[in-house]
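As they're listed, the protein sequences go chains A, B and C.
First residue of the first sequence: 1, per my numbering; consecutive thereafter.
First residue of the second sequence: 1, per my numbering; consecutive thereafter.
First residue of the third sequence: 1, per my numbering; consecutive thereafter.
These are calculated hints, taken from the structure and not from any lab test.
Only a predicted model underlies this, so the values are computations on that prediction, with no experimental measurement involved.
In this text, a Cβ means the ideal position worked out from N, Cα and C, and glycines have one as well.
There could be a bad hint or two in this list.
[To be verified] A short, non-exhaustive set of chain B residues, derived as facing chain C with CB atoms under 7 Å:
#1 Tyr36
#2 Ala43
#3 Ala45
#4 Asn55
#5 Phe61
#6 Tyr136
#7 Leu150
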Amino acid sequence: MKHKRTLTAVAAAMAGSLALAGCTGQSAGGGDTDDSTLTIWHYENEDSAMGQAWAKAIEIFEEENPDVTVDVEKQTFEQIQKNAKIVLTGDDVPDVMEFNKGNATAGQLAAQGLLTPLTDAATERGWDEKLSGSLATTATYDEQGLMGSGEWYGVPNYGEFVGVYFNKDMFAEQGLEVPTTLDELDDVLAAFKEEGITPLAEAGAEYPLGQLWYELVLAYGDRALVDDYQLFANDVDFHNDAMTQATEKLDEWIDKGYIASDSAALTAEDMGVSFIDGTYPLMVSGSWWFGRLAAETEADWGQFNFPGNTLHTGSSGNLWVVPANADSPSLAEEFIDITLRPEVQNVLATEGGLPVAGDPSVIKDERTRELTENFQAILDQDGLAYYPDWPVAGYYDVIVSELQSLVNRSKTPAEVLDGLQNSYDEGKADLLDG
Amino acid sequence: MADTALTDRRARADQRPRTPRGTRRRRAPWVGYLPYLLPGAAAFAVVIGYPLLTNVYFSLFKWRGGMAPLRWNGLGNYADLMGDEKFWTSFGNSLAMIVAMVLVPTLLGLVLAAVLFDYLGRRFGERVSSVLRATYYLPQILPVAVAGVLWNWILNSQTGALNVILRGIGVETPPNWLGDPATALPSVMLVLIWVQMGYPVVIFMAALQRVDPELYEAAELDGAGWWDRFRAITVPQIRPETFVVTLTCTVAALKVFGPIYVLTRGGPESSTLVPSYYSYLSFFDKSQVGYGSAIATVLTLVIVVVALIILGLQNRAERREREGV
Amino acid sequence: MAVATDPRPDLRPAQVRATAVDSRYRRGPGRWLVLAAAVLVGLAVLAPFGIMLLNAFKSPQDYAANGPLSLPSSLYLDGVVAFWERTDFPVKLWNSVFISALVAVGGALLSLLNAYAIGIGRVKGRLWIVALFLLANMLPQEALIYPLFTMAQAVGLSNSQWSVIIIFTVIQSAFGTYLLSSVLGTFPPALLEAAALDGASRWRILWQVVFPIVRPTLSVLMIFFFIWTWNEFFIPLVMLTSNDTQTIPIALASLQGDRMMDAPTINAGSLVSLVPAVIFFLIFQRTLTRGVTAGAVK
Numbered sequence: 001m002k003h004k005r006t007l008t009a010v011a012a013a014m015a016g017s018l019a020l021a022g023c024t025g026q027s028a029g030g031g032d033t034d035d036s037t038l039t040i041w042h043y044e045n046e047d048s049a050m051g052q053a054w055a056k057a058i059e060i061f062e063e064e065n066p067d068v069t070v071d072v073e074k075q076t077f078e079q080i081q082k083n084a085k086i087v088l089t090g091d092d093v094p095d096v097m098e099f100n101k102g103n104a105t106a107g108q109l110a111a112q113g114l115l116t117p118l119t120d121a122a123t124e125r126g127w128d129e130k131l132s133g134s135l136a137t138t139a140t141y142d143e144q145g146l147m148g149s150g151e152w153y154g155v156p157n158y159g160e161f162v163g164v165y166f167n168k169d170m171f172a173e174q175g176l177e178v179p180t181t182l183d184e185l186d187d188v189l190a191a192f193k194e195e196g197i198t199p200l201a202e203a204g205a206e207y208p209l210g211q212l213w214y215e216l217v218l219a220y221g222d223r224a225l226v227d228d229y230q231l232f233a234n235d236v237d238f239h240n241d242a243m244t245q246a247t248e249k250l251d252e253w254i255d256k257g258y259i260a261s262d263s264a265a266l267t268a269e270d271m272g273v274s275f276i277d278g279t280y281p282l283m284v285s286g287s288w289w290f291g292r293l294a295a296e297t298e299a300d301w302g303q304f305n306f307p308g309n310t311l312h313t314g315s316s317g318n319l320w321v322v323p324a325n326a327d328s329p330s331l332a333e334e335f336i337d338i339t340l341r342p343e344v345q346n347v348l349a350t351e352g353g354l355p356v357a358g359d360p361s362v363i364k365d366e367r368t369r370e371l372t373e374n375f376q377a378i379l380d381q382d383g384l385a386y387y388p389d390w391p392v393a394g395y396y397d398v399i400v401s402e403l404q405s406l407v408n409r410s411k412t413p414a415e416v417l418d419g420l421q422n423s424y425d426e427g428k429a430d431l432l433d434g
Numbered sequence: 001m002a003d004t005a006l007t008d009r010r011a012r013a014d015q016r017p018r019t020p021r022g023t024r025r026r027r028a029p030w031v032g033y034l035p036y037l038l039p040g041a042a043a044f045a046v047v048i049g050y051p052l053l054t055n056v057y058f059s060l061f062k063w064r065g066g067m068a069p070l071r072w073n074g075l076g077n078y079a080d081l082m083g084d085e086k087f088w089t090s091f092g093n094s095l096a097m098i099v100a101m102v103l104v105p106t107l108l109g110l111v112l113a114a115v116l117f118d119y120l121g122r123r124f125g126e127r128v129s130s131v132l133r134a135t136y137y138l139p140q141i142l143p144v145a146v147a148g149v150l151w152n153w154i155l156n157s158q159t160g161a162l163n164v165i166l167r168g169i170g171v172e173t174p175p176n177w178l179g180d181p182a183t184a185l186p187s188v189m190l191v192l193i194w195v196q197m198g199y200p201v202v203i204f205m206a207a208l209q210r211v212d213p214e215l216y217e218a219a220e221l222d223g224a225g226w227w228d229r230f231r232a233i234t235v236p237q238i239r240p241e242t243f244v245v246t247l248t249c250t251v252a253a254l255k256v257f258g259p260i261y262v263l264t265r266g267g268p269e270s271s272t273l274v275p276s277y278y279s280y281l282s283f284f285d286k287s288q289v290g291y292g293s294a295i296a297t298v299l300t301l302v303i304v305v306v307a308l309i310i311l312g313l314q315n316r317a318e319r320r321e322r323e324g325v
Numbered sequence: 001m002a003v004a005t006d007p008r009p010d011l012r013p014a015q016v017r018a019t020a021v022d023s024r025y026r027r028g029p030g031r032w033l034v035l036a037a038a039v040l041v042g043l044a045v046l047a048p049f050g051i052m053l054l055n056a057f058k059s060p061q062d063y064a065a066n067g068p069l070s071l072p073s074s075l076y077l078d079g080v081v082a083f084w085e086r087t088d089f090p091v092k093l094w095n096s097v098f099i100s101a102l103v104a105v106g107g108a109l110l111s112l113l114n115a116y117a118i119g120i121g122r123v124k125g126r127l128w129i130v131a132l133f134l135l136a137n138m139l140p141q142e143a144l145i146y147p148l149f150t151m152a153q154a155v156g157l158s159n160s161q162w163s164v165i166i167i168f169t170v171i172q173s174a175f176g177t178y179l180l181s182s183v184l185g186t187f188p189p190a191l192l193e194a195a196a197l198d199g200a201s202r203w204r205i206l207w208q209v210v211f212p213i214v215r216p217t218l219s220v221l222m223i224f225f226f227i228w229t230w231n232e233f234f235i236p237l238v239m240l241t242s243n244d245t246q247t248i249p250i251a252l253a254s255l256q257g258d259r260m261m262d263a264p265t266i267n268a269g270s271l272v273s274l275v276p277a278v279i280f281f282l283i284f285q286r287t288l289t290r291g292v293t294a295g296a297v298k
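Modelling step: build the complete structure from the supplied sequences, incorporating the hints.
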């Protein structure tokens with residue numbers, strides 16, 4: 001049996017390379033070398049909102065294309081993230097694939113010519129109308145792999161954003177209301193601390209602390225700063241007002257004990273679990289926690305947008321991309337189109353998946369509706385400001401490391417900003433160089 | 001008896017390679033063994049040789065991987081490396097890794113193997129020592145990612161077992177094992193010892209099998225105690241395995257990646273950064289394939305030098321033993 | 001070529017007295033202390049596994065509410081079952097077993113051949129040859145992966161388990177060559193001379209004289225190779241791109257997403273994947289103590 005597999009692999013490889021040799025240029029529609037199979041790779045859990053919505057999309061696709069077999073390969077996040085660059089250079093690639101959005105990820109693939117441009121399909125099928133403003137920013141990339149302009153390379157189905165989860169029971173115990181400004185949030189934090197409760201669940205070893213920092217930057221900053229920081233519109237001086245105030249604010253919170261002093265090595269998992277079990281009343285993190293909190297939290301809980309901000313950490317969800325060496329690009333485009341249809345988008349809505357083109361009125365569950373409406377409010381203000389580690393490759397580790405120093409009190413805010421500045425400038429030069 | 005001798009001689013004559021008596025060519029005996037090396041050499045060239053050369057080749061360029069263009073950089077990557085503080089920190093941490101993965105496990109493994117095989121095996125039977133050996137080896141079977149999760153449950157500063165116990169006995173602020181740069185490296189070393197110690201135990205116990213029990217009997221009859229027997233017989237007899245354990249553990253220590261990745265990601269504040277992890281960051285996170293290749297090449301060079309030194313020592317010891325005998 | 005008598009030296013294993021419980025040693029309290037100490041070390045080693053067991057059968061709600069150190073309030077198997085079905089575990093299990101077993105055997109065989117030439121044949125320049133082979137083990141895997149992937153593609157072995165098998169056979173045999181050649185370097189020359197005098201060819205000497213004596217070492221190699229390959233993650237991750245060829249560590253990684261992880265199921269899944277490796281170890285452990293000794297020189 002193994003020999004047969006080897007022979008089939010060899011045959012497939014040969015057939016694939018022969019076929020590719022036959023069609024040279026990239027065409028956005030037609031030019032399929034194989035129109036009988038659609039291979040999809042993704043890494044979302046089946047019972048997640050995305051998993052269910054995509055199952056529905058596959059169902060619809062199969063109905064409308066009875067002579068096409070859909071082959072779904074469930075991958076792991078790490079596999080696709082680390083290996084896409086290597087694997088996509090080969091012939092054994094899927095037709096449509098889920099991939100992370102942003103310069104450092106999809107942008108890189110686009111810049112290296114590993115993805116099929118989807119601009120024609122986007123205009124023909126009206127995707128550019130369904131996805132607007134900051135949602136569409138992550139769909140387009142230029143030749144250097146910077147988002148915001150250039151060809152369409154990916155299509156998101158959903159969005160994600162960072163807000164504040166709070167334990168309603170603990171709030172009620174202290175007689176506290178949901179804060180609407182940053183000052184009110186300060187008061188809430190102080191109130192909890194007075195009672196001996198550390199208010200903010202945090203994780204210094206992974207993304208959460210960085211996202212909190214970024215929320216504060218957005219609290220003091222504006223869209224121009226975001227454009228400079230994320231899209232390289234202008235140079236960024238990290239010692240500007242907004243970032244300095246944000247870092248000092250965070251430092252103040254650490255000083256006052258609003259964040260546990262030993263958070264440096266805690267992981268997002270630790271943070272989530274400690275919120276769920278009621279150790280901390282507040283958790284600043286993203287919509288991806290929603291499903292799990294709903295399933296596991298015993299106390300009454302809710303979610304509100306970061307108080308006082310018009311800009312919020314968040315972006316479109318992961319993108320559907322079509323590899324350059326895919327052998328059924330037009331089938332891929334059809335599939336993507338189906339995922340944007342109301343039937344599929346509404347599945348996302350009801351499951352708390354934050355659809356890009358869904359109808360909140362179909363949502364029955366109150367908390368889910370609250371989450372979706374909060375997201376909609378941000379979209380209406382065009383308030384998505386992406387993530388702090390996006391601008392430059394490898395920035396995630398830099399942010400984690402610098403903020404760990406802050407929590408461990410081994411660096412001052414000014415020194416942290418210096419560290420962030422250096423890596424940012426280095427990485428930016430690298431990116432723009434070639 | 002005479003018949004068999006005759007048959008023997010005839011059989012031998014049949015089997016010996018035929019060389020005409022007058023023109024006996026002196027062919028060094030080892031040449032005949034060369035064919036045995038062929039499969040290994042061929043496979044090696046393909047799977048290791050070619051990629052190694054490619055890696056060195058990449059290190060001379062600036063490259064982002066995939067289908068991005070390669071830009072010639074000569075020895076620029078290496079020059080950058082020499083001035084890179086993190087690079088030197090990572091090699092400094094390697095020394096700690098060597099302590100945790102070579103010194104302690106080898107010594108501990110040797111003692112445990114001897115105790116298990118020699119002492120307990122004789123007094124309680126083989127079954128007991130086998131069970132204990134399997135127990136010590138179990139951490140080696142566990143995938144590193146899972147070991148990371150488990151140890152996080154122990155070392156976690158808030159919910160970890162260790163600190164829960166410490167708080168239970170009255171320690172108010174137990175150390176932040178993995179989050180404090182001062183304790184992070186020792187904590188990682190502890191985990192590495194736990195992971196690594198089973199390996200020498202298994203190798204040494206197999207090695208002890210080779211030792212002629214008559215040697216022990218004779219020594220015992222002469223009145224030698226356990227420690228004397230250990231020193232005079234056990235240690236010299238298993239010298240080849242000792243060298244092997246030392247070398248392989250050293251290479252593993254210089255190359256260590258998995259446990260760092262799952263426990264601390266090189267942090268906090270680069271206190272547990274190691275060369276292999278730094279190379280990985282360059283390769284995948286920062287997409288600086290050329291730089292990552294340079295780090296990998298330097299790391300390989302260091303490993304090769306260290307290995308050659310140890311191999312040289314081993315060779316010398318072996319030669320001395322042969323001549324002594 | 002009939003031979004009337006067996007010309008080989010007597011290689012029947014001498015009576016192994018080292019491991020049988022000798023009545024002489026039964027008495028004395030000291031041994032109990034030593035045993036207790038060894039067991040204590042064993043328990044310390046097992047402690048993390050205890051925590052693993054505590055959490056493998058816990059529901060996520062239970063885990064979130066009560067933390068990792070509590071006893072599960074009830075036995076929860078849904079997570080494992082869901083994992084089993086979602087990753088099509090039996091397929092992954094078979095793939096892992098297939099790859100690891102072939103590498104174990106192939107690696108041991110390759111090591112034996114190499115080590116025979118180096119350790120016993122004393123090939124010229126053997127120090128350098130061993131060092132060269134060891135290079136396979138010294139190279140960090142990130143350095144190898146790009147070229148290996150393109151090569152596999154070029155010969156049509158992409159997404160094939162054979163690429164993984166070949167790669168790991170070479171990598172593991174580097175260690176095996178080193179260990180075996182070190183051991184064979186101290187092989188009693190008297191045995192070899194005796195066999196050569198009786199006119200045995202190199203091939204026969206290998207299989208009839210050397211092989212029986214280094215069997216424990218070969219068993220060690222096979223155990224190591226199996227377990228090391230079983231847990232290999234990175235190279236299979238890149239080489240095997242479809243669900244039907246992937247191995248267990250890749251399946252386990254699916255429990256760890258971009259931002260979320262499912263700790264209880266990871267534990268349960270790991271427990272399940274540990275079982276075959278442990279079974280393999282226990283089975284082969286017995287071959288380690290079959291008591292073939294070098295005392296047969298006499």
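Hint check:
1. Tyr36: holds (4 Å)
2. Ala43: holds (5 Å)
3. Ala45: Not OK, violated: B/Ala45 not within 7 Å of chain C, min 10 Å.
4. Asn55: holds (4 Å)
5. Phe61: violated (12 Å)
6. Tyr136: holds (6 Å)
7. Leu150: This interface hint holds because 4 Å falls under the 7 Å limit.
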